[in-house]
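J.: Assemble the whole structure, with the sequences as input and the hints as a guide.
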Amino acid sequence: MTYQILQKEATTDNHIIYQDEAIVANFLAELPSVLASLESLSEKNYSRK
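Using this note's numbering, the letters of the sequence shown correspond one by one to residues 1212 to 1260.
Treat the hints with care, since some could be wrong.
[Unchecked claim] What follows is a set of in silico ranges between Cβ atoms, one per label pair, in the way DEER data are often shown:
| no. | residue 1 | residue 2 | range |
| --- | --- | --- | --- |
| 1 | I1227 | A1247 | 29 to 37 Å |
| 2 | Y1257 | N1237 | 28 to 36 Å |
| 3 | S1258 | F1238 | 41 to 49 Å |
| 4 | Q1230 | E1250 | 25 to 33 Å |
| 5 | A1247 | T1223 | 48 to 56 Å |
| 6 | L1249 | Y1229 | 28 to 36 Å |
| 7 | S1258 | I1228 | 41 to 49 Å |
| 8 | I1234 | N1256 | 27 to 35 Å |
| 9 | S1248 | I1227 | 29 to 37 Å |
| 10 | T1223 | Y1257 | 31 to 39 Å |
| 11 | N1256 | D1231 | 29 to 37 Å |
| 12 | N1256 | D1224 | 43 to 51 Å |
FYI, nobody ran anything at the bench for these hints, they're computed from the structure. By construction, the Cβ of each residue, glycine as well, lies at the ideal position given by its N, Cα and C atoms.
T.: Here it is, written out as structure tokens:
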């Protein structure tokens, strides 16, 4: 019985880790686009001054 509980907890922990990895992967995939947008906004604000 203890083994089943521990196995279930390990599976839950692995699922959480995979979710975290997916979040990080999506963040890193979007990062170049976000940085380009920020750079564009920064250039627009700089040219107004």
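J.: Is it true that the C-beta distance of N1256 to D1224 lies inside 43 to 51 Å, as the hint says?
T.: 45 Å Cβ-Cβ, so the 43 to 51 Å window holds.
J.: Just tell me: holds or violated, for the beta carbon distance of T1223 and Y1257 against 31 to 39 Å?
T.: 49 Å, violated
J.: Is 41 to 49 Å right for how far apart the beta carbons of S1258 and F1238 are?
T.: 29 Å, violated
J.: Is the gap between the beta carbons of L1249 and Y1229 within 28 to 36 Å?
T.: Between L1249 and Y1229, where Cβ atoms are some 30 Å apart, the hint holds.
J.: Indicate whether the distance between the beta carbons of I1234 and N1256 respects the range 27 to 35 Å.
T.: 30 Å, holds
J.: For the range 41 to 49 Å, tell me whether the beta carbons of S1258 and I1228 fit it or not.
T.: 45 Å, holds
J.: Starting from the hint 29 to 37 Å, judge whether the C-beta atoms of I1227 and A1247 obey it.
T.: 32 Å, holds
J.: Falls inside 48 to 56 Å, the C-beta gap from A1247 to T1223?
T.: 38 Å, violated
J.: 28 to 36 Å was suggested as the range; check whether the CB atoms of Y1257 and N1237 agree with it.
T.: 30 Å, holds
J.: Is it true that the C-beta distance of Q1230 to E1250 lies inside 25 to 33 Å, as the hint says?
T.: Holds, since Q1230 and E1250 (Cβ atoms, about 30 Å apart) stay within the stated range.
J.: Does the Cβ-Cβ separation between N1256 and D1231 fall within 29 to 37 Å?
T.: The hinted range 29 to 37 Å holds for N1256 and D1231, with Cβ atoms some 35 Å apart.
J.: Measuring from beta carbon to beta carbon, are S1248 and I1227 in 29 to 37 Å?
T.: 31 Å, holds
Checked against the numbered hints above, the structure breaks hints 3, 5 and 10 and satisfies the rest.
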